[in-house]
Each structure stands twice: as structure tokens, then as C-alpha cells.
Amino acid sequence: MKAHRVLVVDDEDDMRQLVGMYLENAGYYWREAHNGREALRIMGRDSFDLLILDVMMPELDGISLCKEIRKTSDVPIIFLTAKGEEWNRVSGLKSGGDDYIVKPFSPGELMARTEAVLRRYTRQEQDARVQFGPIEIYEAGRTAAAGGKPVALTVKEFDLLLYLCNHEGQACSREQLLEQVWGYDYAGSTRTVDTHVKTIRLKLGEYGDLIQTVWGVGYKFEVSA
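Numbers given in the working numbering equal positions in the sequence shown, counted from 1, plus 201.
What the hints contain is simulated information worked out from the structure, not anything from laboratory work.
None of the values given here were measured: they were computed from a predicted structure.
A virtual CB, placed ideally from N, CA and C, is assigned to each residue, including glycine.
Check the hints yourself; a few may be wrong.
[What the hints assert, rightly or not] Straight-line distance between alpha carbons at most 20 Å, and here's what the computed EDC-like set of lysine to aspartate or glutamate pairs gives:
#  : residue 1 : residue 2
1  : K399      : E376
2  : K421      : E376
3  : K404      : E340
4  : K421      : D395
5  : K268      : D360
6  : K304      : D360
7  : K272      : E358
8  : K295      : D247
9  : K421      : E380
10 : K272      : E310
[Unchecked claim] So the derived label-pair ranges between C-beta atoms look like this:
#  : residue 1 : residue 2 : range
11 : A283      : D410      : 48 to 54 Å
12 : V331      : K272      : 19 to 25 Å
13 : G245      : M222      : 40 to 46 Å
14 : P305      : T414      : 56 to 62 Å
15 : E380      : S307      : 49 to 55 Å
Make the full structure from the sequences, and use the hints.
Okay, here's the thing in C-alpha cells:
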């Protein structure tokens, strides 16, 4: 079985090494980042199955980092913090965190929570996987892949791709897409749809042309027979 990949983000060297030792002993592959900014740079070049974030960090704290990550990814996140106040726990979970561990913690607690979060996330992805030709969409995890490679989509890009795929072969007008993806009360221009489609096509790479332009109408997703 392939080892899960974990990114440990903490400004304390000793804490990163401690968490990393626990992960390594349990058979996980791990990398480290000294702060939130560095974590974003690493995530731009590499993919991970789980993030373990310290809450209090310089440059970009854990809560802000989590919010930034949630714009494009639903990777599971566990917070680590020395603070045990209720507001801190609530802030972490509301920002998109999946679990929360207060320092100091035991190796058993860390690994039990890590395994539980990964197990829950993996089960959700397996239960909700939908295949559209070379495009795979995991609705529960809100992630997508093209030709077996992960595609990093924003919230609206994911919603738009999912809607087009679920209406495969159907010509969808720009107005229809605005109403269904952005909401009936959205006041923006239909150019928003064009911009998002262009970006999705670029991210899908060689499979971008599966989203076809229907002149005078809008777009449709179609997999060739």
C-alpha cells in the first residue's frame, strides 16, 4: 500500500521533528515547512494526503493558511496548538479544519486522530467517485483528476465542471450556468462563465477540449464515443 504523504507545518523545529518521528515510525512519508508561506510554496510543487498545522505561526498563521488552502483544496487538515480555549477550537474548525489536537499530546493520540481523518476522507472519496471519460470527480472530497492526475480547482471551477459533466452532451447556456453554479441572485456578467471555462480548460490540459463551445448558446461537456 502506498504511504500517505503528510506535510507538517510548525515554526518550532523540535515540534516538527517530533511529529515527523511519530509519522515516520507509523510508515508515513512526511515533509516539513517552517511557516504558512513556505507551506503554500511547497504545496504548489507537491501534493499531500494530510496537513498538520500549528495555529500560532509567524508570517501566516494556521487559521489563515487553512482558509487559503480551502479556496482550492479539500485536503484533510489537523490543527496543533498549545491553546485549548474554546474560541480557538471553533475558529480552527470553522476555517475548514477536520480535527484539533492540543499540545502536549501523546504519540497514540496523534496517530489515532491522523488515521481517523484519513480513513474518513478516503471513504468519502471512494463513495462519491464519478467517472466521465478521463475525468474523475470526487463529490464528497470536492476534488478532480484528469487522466489520473489531480487538478487543482477553485470552488466555482469545481462546481462548474461538475455541473457540465452531470449534463454531459447537453448544451448549457451561459445564463443557465450562472443561475445553477453562481446562484439566481448573482449580479455578475456572463463573461464570468467564459473566464472560468477558459481556466478549467487550461487546468485539464490535453482534456480541456472535452468542454466544447456551443456557438450562440454556451458550453457542453462531451466525451467522444
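Here's how the hints hold up against the structure:
Of the supplied pair hints, the one linking K399 and E376 holds, its CA atoms being roughly 17 Å apart against a limit of 20 Å. A threshold of 20 Å between alpha carbons decides the hint, and for K421 with E376 the separation of about 13 Å falls inside it, so the pair holds. For the hint linking K404 to E340, the alpha-carbon distance of about 18 Å falls within 20 Å, and the restraint holds. For the hint linking K421 to D395, the alpha-carbon distance of about 12 Å falls within 20 Å, and the restraint holds.
Proposed proximity of K268 and D360 is supported: the alpha carbons are some 18 Å apart, at most 20 Å. Distance hint between K304 and D360 is unfulfilled; the C-alpha atoms sit about 37 Å from each other, more than 20 Å. About 11 Å separates the Cα atoms of K272 and E358, which keeps this hinted pair within 20 Å; it holds. Annotation: proposed proximity of K295 to D247 is violated, straight-line Cα distance about 26 Å (limit 20 Å).
With a C-alpha separation of about 16 Å, the suggested pairing of K421 with E380 holds against the 20 Å cut-off. Using a Cα cut-off of 20 Å, the hinted pair K272 and E310 is violated, with the two alpha carbons roughly 29 Å apart. At roughly 51 Å, the beta carbons of A283 and D410 sit within the given window of 48 to 54 Å. The hinted range of 19 to 25 Å is satisfied by V331 and K272, whose Cβ atoms lie roughly 23 Å apart.
Restraint check, G245 to M222: a C-beta distance of roughly 26 Å breaks the suggested window 40 to 46 Å. At roughly 57 Å, the beta carbons of P305 and T414 sit within the given window of 56 to 62 Å. For the pair E380 and S307, the supplied restraint of 49 to 55 Å holds, since their beta-carbon distance comes to about 51 Å.
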